[in-house]
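Number of protein chains: 2
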Amino acid sequence: MNVKGLDFFFNPASVAIVGASPAQGKISNIIIQSLKASGFPGAIYPVNPKYAVVEGMECYPSIAAINEEVDIAILAVPAASTPDALKHAGSRVKGAIIVGGGFSETGQEGARLQEEITAIARERSIRVIGPNCMGIYDAVSRLDTFFLPPDRIKRPAKGTLSIISQSGSFAVTAMDELAAEGIGIARVVSYGNKADVNETDCLRFLAVDEETGAVAVYIESIEDGAGFVEAARACALKKPVIALKVGRYGAGASAARSHTGAIAGRYEAYRAAFKKAGVVELDGYEDFVNGCKAFGSLRPASGNRAVIITDGGGMGVDLADTCQAMGLKVPQLDVALKRELEAIFPPFFIASNPVDLTGSATDKLYAEALKKTLSTNFFDIAIVVALWGPPGLTDGFAGAIASKASSIGKPVVVCAPGGAWSREKNRLFMKYGLPVFPTPGGAARAAVILSKAKGVHGQS
Amino acid sequence: MNVKGLDFFFNPASVAIVGASPAQGKISNIIIQSLKASGFPGAIYPVNPKYAVVEGMECYPSIAAINEEVDIAILAVPAASTPDALKHAGSRVKGAIIVGGGFSETGQEGARLQEEITAIARERSIRVIGPNCMGIYDAVSRLDTFFLPPDRIKRPAKGTLSIISQSGSFAVTAMDELAAEGIGIARVVSYGNKADVNETDCLRFLAVDEETGAVAVYIESIEDGAGFVEAARACALKKPVIALKVGRYGAGASAARSHTGAIAGRYEAYRAAFKKAGVVELDGYEDFVNGCKAFGSLRPASGNRAVIITDGGGMGVDLADTCQAMGLKVPQLDVALKRELEAIFPPFFIASNPVDLTGSATDKLYAEALKKTLSTNFFDIAIVVALWGPPGLTDGFAGAIASKASSIGKPVVVCAPGGAWSREKNRLFMKYGLPVFPTPGGAARAAVILSKAKGVHGQS
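Residue numbers (the numbering used here), protein chains in the order written: chain A, 365 to 824; chain B, 365 to 824.
Calculated cross-link-like contacts (lysine to aspartate or glutamate; reagent style EDC-like; alpha-carbon spacing at most 16 Å): (1) Lys736(B) x Glu704(B); (2) Lys518(A) x Glu788(B); (3) Lys640(B) x Glu594(B); (4) Lys736(A) x Glu706(A); (5) Lys390(B) x Glu419(B); (6) Lys789(A) x Asp515(B); (7) Lys728(B) x Glu706(B); (8) Lys789(B) x Asp759(B); (9) Lys640(A) x Asp588(A); (10) Lys451(A) x Glu480(A); (11) Lys789(B) x Asp515(A); (12) Lys518(B) x Glu788(A).
To spell it out: a stretch of chain A is covered by chain B in this simulated footprint if at least three of its residues, at any positions, have a beta carbon under 8 Å from a beta carbon of chain B; those stretches are: (13) 509-518; (14) 525-533; (15) 619-627.
One side of the interface only, derived from the structure: several residues of chain B facing chain A at Cβ under 7 Å: (16) Gly389; (17) Arg516; (18) Asp540; (19) Ala543; (20) Ala615; (21) Gly616; (22) His623; (23) Met679; (24) Ser716; (25) Gly782; (26) Gly805.
Hints were generated in silico from the structure; no laboratory data involved.
Backbone N, C-alpha and C define an ideal beta-carbon position, used for all residues, glycine too.
With the sequences and hints as input, model every part of the structure.
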């Protein structure tokens, strides 16, 4: 396997959609529409002998009939027709994305079919993503094979986080949620049954990909443990890598087998591999999203000493508990720092850790409290609890916090639970590139994840 | 202490607001406006010698000047003026709600002031809620002393869940979030420093309150452990009681002291008390909201055997892991049941647990899968993963699930992560009274909480 071997998947000059159909709602049709909507700048070739025109574009009877280079063939044909489609793509294409299911995830017959396509691809030096996958959503190259309607599943703007995932729906749901939270994405790869391209290949590509600043991985199974550790370690030395392994228990493990044909394996082995590779271990979907939000916007923390600033005493107490339960340090304020805060605070503010600005909080005092605490050598990270109830908090609050965060240069995690008003106002934080966590648990985990990645790559 | 002693707080015929002000944004003004906005049917008497009229109502120079019965005096005056205000309220009022801070949470001088008001109240047989609290939001009596603007903090509609809390901002944030999630509320009491009324008093009232179907408690400290266990147990025998104790670790415990003057105590003692009383222990703010959402809409589960129905394989695997890690059982399907499902499913659906309907899920097959599994004796609860991407899911999806849930009579927890489209569509579930959990972790915890409450009161 050539390290450079996957580049064309992420920068294709041309794609063919085999099985192209004019029928609205069909997978191939959604893909063609997504490519047009995303502004994919390369050539798009619909391929289907049944049609002359699809979505206003010339439709070719076969890939052979296209008189231009074709980098990638996207095969949207039934499982049984896939071997032939791949043979016909022949040496014309560098890679194929096989989105359909009906392979190793369905049992013996499907596994045989998958072996057949693997052999065909190897013979013709075609790299294959899939089968049983969503393929690629790439905000850099604007390739988008994720065949879910864009009105239902939003695509995030261009950012620096890349996601690689065995599960398509998992990646898609996370992506959709990140889009709603204002977090950008570089590349998302869903590789399903991994007939060829797997997490190791993707990690090797992403390690040297300049567009990717951090990598999140969803894993059901890894077949080549040593290869994974090597690739993940090489990647984690350059940028944060966070990973979720599912299928830990009986029901989950057997569901993983039905889902992508994965043999889940013992979780302890994965945990050891993550540790060896410097990969930050995640705990479930929510934590995956927490990690993506954290590394989609913030830099790693250089340690785990957190200062908490709140305008609600109870939420501050709960957050302090949660942080300490998760292994963060919540050190008391140095006496000089405490006095410095008391000098600018009204008497009923509490200059402690958590710093409690109460319902009389203002934008300015919040920002001052952040500056005076986080800019010292006592803290590596701040968690700002933003309860939007107090009338002293205005639309300038988020900007004031973001400005101090940026000048201090340490990560600031925003924890902002609440209802309609809060959810609307939280967009102001997102606008300034500060991810918002709706629960103390999520905010604390984000802080933990940010503090754990620093060990390996030393960015801080 | 008389068990019936608190009734008038929850059904007052008249309230006086001492320190009433016409100034917009002042606490007393917000309270008067909230009482008018909530449609409080009793008499409202602004009291302040400085004004003749406040918010269009006659303003009295003192409580003594009101020639009618006054059930409750809401004192919105500075801490130092509180003893006098309470003396002047005299024997005219049954109870006082003291919202201001500046008492035991601020140190020795404040503690002395609090002792003074406690003595005055005891002498005059006035029950006191507070000081340093939000008081009462009551969707039954429409009393609303929560002094945060209703545009910022939404009040939930009338429901059956009651919340009692030492922290005002914590209760308010949860309440606001529940309003956004379509969960109704019966009563919320924030009692702050607990000069008189505490969690034990409230539990005794709520145990016999016909409007309350379940009780959620936020605790920083309990002074009378034996009294609490007795009252909580009596309540939990009649309806689910769930509780969060904060201030478990150093930083949290010391923050609790600054917050409401609470001595947090050893967590193990609280845990043992909860167990003895049959109270379900909660773990942090998110879990508090999970529990409120669960018992705000659903009945307890008669056991912990969960069936998971999903349209995303990866999310199903993750949820199965999460359920099992939290102690739920995710049993495999009985062979006959599996065959029954396979008979109605297309071949690529997976008739297992999780049941995976894939991206080809439809409203009808989802509802059928729910009915065929949850109505058997194998399962106590269902978690329906609703990823809204598949085009076969329409606006009829939520109604189809709700209808089966209602006819089966067992709790159905909806897990629906995702972005803008999903968040909008999730309102359909809420409309049918099904609470929606945005993460597998939240959904699994809701299922755990629902299954834990059954032991005590035997509702199932």
